[in-house]
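Protein sequences appear in the order of chains D and R.
Per my numbering, residue 1 is the first one in the first sequence, and the count goes up by one each step.
Per my numbering, residue 1 is the first one in the second sequence, and the count goes up by one each step.
Hints were generated in silico from the structure; no laboratory data involved.
Be aware that one or more of the hints could be misleading.
[Said to hold, decoys possible] Between beta-carbon pairs, the in silico distance windows are:
1) D:R143 x R:L131: 27 to 35 Å
2) R:L54 x D:T15: 26 to 34 Å
3) R:A48 x D:I16: 29 to 37 Å
4) R:D109 x D:D68: 23 to 31 Å
[To be verified] Just a sample of chain D residues kept apart from chain R, beta carbon distances all over 12 Å, derived:
5) V60
6) G95
7) T97
[Said to hold, decoys possible] Computed from the model, here is a short list of chain D residues facing chain R with C-beta under 8 Å:
8) V23
9) S44
10) S70
11) A73
12) E75
13) D77
14) N118
Here a beta-carbon is modelled for each residue, glycine too, at the ideal position from N, C-alpha and C.
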Amino acid sequence: MTDRAVSSQVSFVLTIAITTIVVAGVTITVVGFIGEQRQSAAESELRVIGQRLGAQLMWVDRLATRGDVSRLAVEADVPGTVVGYTYLIEVSASGITLTAEQAGASATVSFVTTTPINSPPVSVSSGDVVIVYQPGPERITVRSGEVN
Amino acid sequence: MADLDSGDGSGGRRSTGQTNESDRFTSAGDHSPSDRAQLVLIGGLILAFTIVALTLVVNSVLYTDNVESRSTLPVAENAEEFTATVEESIARVITEENRREWNGLTGPDPPETEVETDLGVVTRLLNTSELEEHGAMATVDGAQIEEGKRVGQPASGTLDTGTDDWYVVNDTDGVRNVTFTVDPSSLPVDPSDKENSSNGAFHVDVIGPSDTWTAFVYRNSADYTVLDVKGGPTCKSPTSNTTGTVVLDMTEGAIRSPNGTGAMQTATCDYRFAEGLGDPYDIRFANGDRASGTFDMVVDEEPATAVTCAPASVSCTDAVYSVSVDVTYDTETFSYNTTVRVAPGEPRTVAP
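With the sequences and hints as input, model every part of the structure.
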């Protein structure tokens with residue numbers, strides 16, 4: 001009589017074990033997959049943002065050559081976050097480097113301007129990004145803040 | 001999995017007759033009812049987070065796609081368009097006023113006053129239209145007008161004034177729209193010594209502080225009119241002509257001649273007028289008797305004695321050489337101020 005109902009207990013333990021393994025497996029796979037996708041999405045978004053920022057810098061450069069420009073500032077059209085993470089923009093003469101450290105993603109985009117670029121790193125999380133042209137000695141700066 | 005959450009909250013209860021399903025599980029694990037179905041709960045939560053994260057990724061990708069296809073900086077495009085429109089409008093005003101003055105169509109006011117009045121109307125219209133169209137505070141003001149003289153030979157004839165070599169302009173800081181309309185039949189054919197005063201070719205000398213730029217005009221053996229820049233390119237008219245007129249725009253580097261039906265065709269010539277000379281400079285016509293036609297140019301009247309208007313065949317009228325204006329374009333996200341100088345047809349290398 002003591003052997004009765006043993007199979008159902010074994011089956012219960014097995015069920016729990018298998019379910020645990022399946023859930024853990026799925027979790028690990030899905031988390032890994034999502035992480036990868038997230039990183040690649042962040043990277044492509046950073047690249048697009050960089051390209052657009054480069055194009056905007058070139059626009060400013062182009063406008064700066066029209067006549068004798070004394071004042072030129074424009075709010076750059078860049079989103080505040082990529083895939084939910086803030087990121088850092090660094091503009092130098094060699095290119096734009098965008099880094100979203102938390103997402104483990106970064107992108108570098110090159111651009112060409114005739115006006116020299118002089119710009120410290122800008123954290124986008126701090127607010128709006130503004131591209132400013134300054135005459136004499138002429139240079140283009142990217143900074144956070146407002147246009148006016 | 002179904003077994004796991006089949007509990008009904010009756011753990012530990014034992015019936016008198018038979019053991020039911022839930023009782024068996026409860027007794028086997030000896031868990032309290034609140035501990036049940038935890039794996040399913042965890043699984044469900046993970047699934048929920050996964051879906052949220054996936055949505056975020058997909059959303060970001062869609063957003064990236066969307067951003068990619070947007071116009072880069074529409075406000076800068078508008079500002080550039082506005083500035084270009086201002087330049088074009090002012091150029092038209094200058095050209096039209098100078099033309100009216102040349103043809104004696106204007107009132108008693110000097111051309112600079114007329115231009116100032118016209119500019120007031122044009123800029124007011126531009127300011128209003130930009131505000132209506134793009135919601136931008138765009139203004140054009142502070143017009144500074146540089147006076148000049150339009151010099152030309154309106155009636156066709158040889159380009160001399162009794163003497164073959166003569167100075168049209170002395171010590172000027174700028175000249176624009178230097179245009180000749182020549183009769184190709186009056187031009188010598190392939191002169192061997194182009195600078196020779198008796199059998200050479202007509203040439204324009206621009207004499208700078210240390211150097212001289214020269215362009216010859218003659219006809220080649222196939223009856224094409226040739227514009228020959230010394231030390232530069234030699235260009236010919238698009239068609240072969242011995243009748244009609246050929247237009248040489250020296251500052252623009254263009255030769256226009258009529259084809260068989262009389263329609264004008266244009267050939268461009270790749271050089272810069274008076275390249276690298278610096279100012280002030282003189283303009284001399286040499287071998288003026290070796291070409292027949294008309295000429296026309298607008299000279300910067302700086303200094304005021306720059307232009308020789310003495311020969312009877314040469315006409316001089318007051319003109320506006322250039323206009324500088326302040327252009328401001330402001331929106332919430334854009335701030336722009338520039339001074340543009342408009343001198344239609346001015347060659348780049350000799351701009352003051």
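Now the hints, each set against the structure:
A hinted range of 27 to 35 Å holds for the C-beta pair R143 (chain D) and L131 (chain R), which are about 29 Å apart. A beta carbon spacing of about 29 Å between L54 (chain R) and T15 (chain D) agrees with the range 26 to 34 Å that was offered as a hint. Distance hint check: the CB atoms of A48 (chain R) and I16 (chain D) are about 22 Å apart, inconsistent with the given range 29 to 37 Å. Taking the beta carbon of each, D109 (chain R) and D68 (chain D) are about 29 Å apart, inside 23 to 31 Å as hinted.
Its closest Cβ contact with chain R, about 7 Å, brings V60 (chain D) to no more than 12 Å, contrary to its assignment away from the interface. In this structure G95 (chain D) is separated from chain R by more than 12 Å, as the shortest Cβ-Cβ distance comes to about 17 Å. Against the 12 Å criterion, T97 (chain D) stays outside the reach of chain R, whose nearest CB is about 18 Å from its own CB. About 5 Å separates the beta-carbon of V23 (chain D) from the nearest beta-carbon of chain R, less than 8 Å, and the hint is met.
Interface hint at S44 (chain D): satisfied, since its Cβ lies 6 Å from the closest Cβ of chain R, which is below the 8 Å cut-off. A hinted interface residue such as S70 (chain D) counts as satisfied when its beta carbon comes closer than 8 Å to some beta carbon of chain R; here the least separation is about 5 Å, so the hint holds. A hinted interface residue such as A73 (chain D) counts as satisfied when its beta carbon comes closer than 8 Å to some beta carbon of chain R; here the least separation is about 5 Å, so the hint holds. For E75 (chain D), the interface hint holds, since its Cβ comes within 8 Å of a Cβ in chain R; the closest pair sits about 4 Å apart.
Satisfaction of the interface hint for D77 (chain D) is found here, the shortest Cβ-Cβ separation to chain R being roughly 7 Å, below the 8 Å cut-off. Because the beta carbon of N118 (chain D) sits about 19 Å from the nearest beta carbon in chain R, more than 8 Å, this interface hint is broken.
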